[in-house]
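Chemist: This is what each chain is made of:
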Amino acid sequence: MKKGQIEIMGLLIVVILIVMGAMFYVKFVVLAKKPVDQTSKQNIQATNLINAIMNIRVCDNTVTIKESLTLCGNNEPVCNEQDACKYIQDQLVPIIDLTLDFKYSFYVKKANEEIIKIENCGDEATASPPYTFSDKGTIYETYFMLCGKE
Amino acid sequence: MNKKAQLEVQETIIVVFIFVVLLSLGLLLFYKFQLSSLDQQKIEIQENKFNMMLLIFPNSPEIECSSGLVTRNCIDTLKVLSLKKSVEQDQQFYFKKFGYKKLQLTSLYPIKNEKECTSTNIEDCGVWTIYNKPAPNQDMSKILRTPISIYYPQTDSYGIGELRLEAFAL
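Chain order of the listed sequences is P and F. According to our numbering, the first sequence is numbered sequentially starting from 1. According to our numbering, the second sequence is numbered sequentially starting from 1.
By construction, these hints were calculated from the structure, which means they are not laboratory data. It cannot be assumed that every hint is accurate.
To be verified - No farther apart than 27 Å at their CA atoms in a straight line, the calculated lysine-lysine pairs in the DSSO-like style are these: (1) P:Lys41 - F:Lys133; (2) P:Lys41 - F:Lys96; (3) F:Lys112 - P:Lys41.
Remember, it's a predicted structure, so these values are computed and weren't measured experimentally.
If we strip away everything but chain P, and leave its shape as in the complex, we get:
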């Protein structure tokens, strides 16, 4: 084979390699399927649920969950002299279990001090956006930790 022919063969191989590289790039980078953002859907569900829970009335429709949380934060009794924190925790678990289809932990903080804690998640969990409200100047923060399907 002449020198010119060998050079053309070399050029051809380089071109083929570049084309193959470009095809792999297109296949695995450009056309790669983006993972479905499951977390953002769970966040929407968690935020909507917290919002819905706060409006629910308990104790024969006399007090809302939000009001009970502030009673818990102030160490005041609720519904026939029951401990507000324990009462609200007992009320919340069946309601949340009925409405969420993934595992969760649930926290309520009063000025960074945990007053309600329902823990079902391990270390690998993502926090939902917090729902905050205030009572007489004290900030309450509630949020879920989400940890996958049940």
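Go by the hints and put chain F onto chain P.
Modeler: Then chain F, alone, in the frame of chain P:
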């Protein structure tokens, strides 16, 4: 014309012919690739639009709780009944708005029955099928669900419902 010149002309014709064939093949491949890429983009946009519905629909003025100009994050069950009636009366308008979808609200807490809610049985029902237009010849559907606060104006009380959005033909 001498033989050498004839050969050169033939060679040029063959080279141009091969070039044109290769160019056409390249353009065809490019066109096919662009077409499938556009289809993919269309599906992605439709999916994103549907996912956004989970945020937008509960806050639409037709069903959102409000008093005066103040809105609250909940769904008013009486407004839902009104919307159901509007959908029945003007199906074309709502088909343009929602397309092939099913929008349903179910009461989760307090637990109620599975009867469809109408203006005659407001107290004794637990399901509001707001809009239902299944696509013909379409078995596959995508479903989004979220818990939502529901408001019963007749008793001035709140419950928890599940808003279920089902899209056919995405």
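Chemist: All the hints need checking, so say for each whether the structure fits it.
Modeler: Going down the list of hints, with the structure as the test:
The suggested pairing of lysine 41 (chain P) with lysine 133 (chain F) holds, with an alpha-carbon distance near 24 Å, which does not exceed 27 Å. Proposed proximity of lysine 41 (chain P) and lysine 96 (chain F) is supported: the alpha carbons are some 26 Å apart, at most 27 Å. Distance restraint check for lysine 112 (chain F) and lysine 41 (chain P): the Cα-Cα separation of roughly 26 Å lies within the 27 Å cut-off, and the hinted pair is therefore satisfied.
Hint compliance for this structure: no hint is broken.
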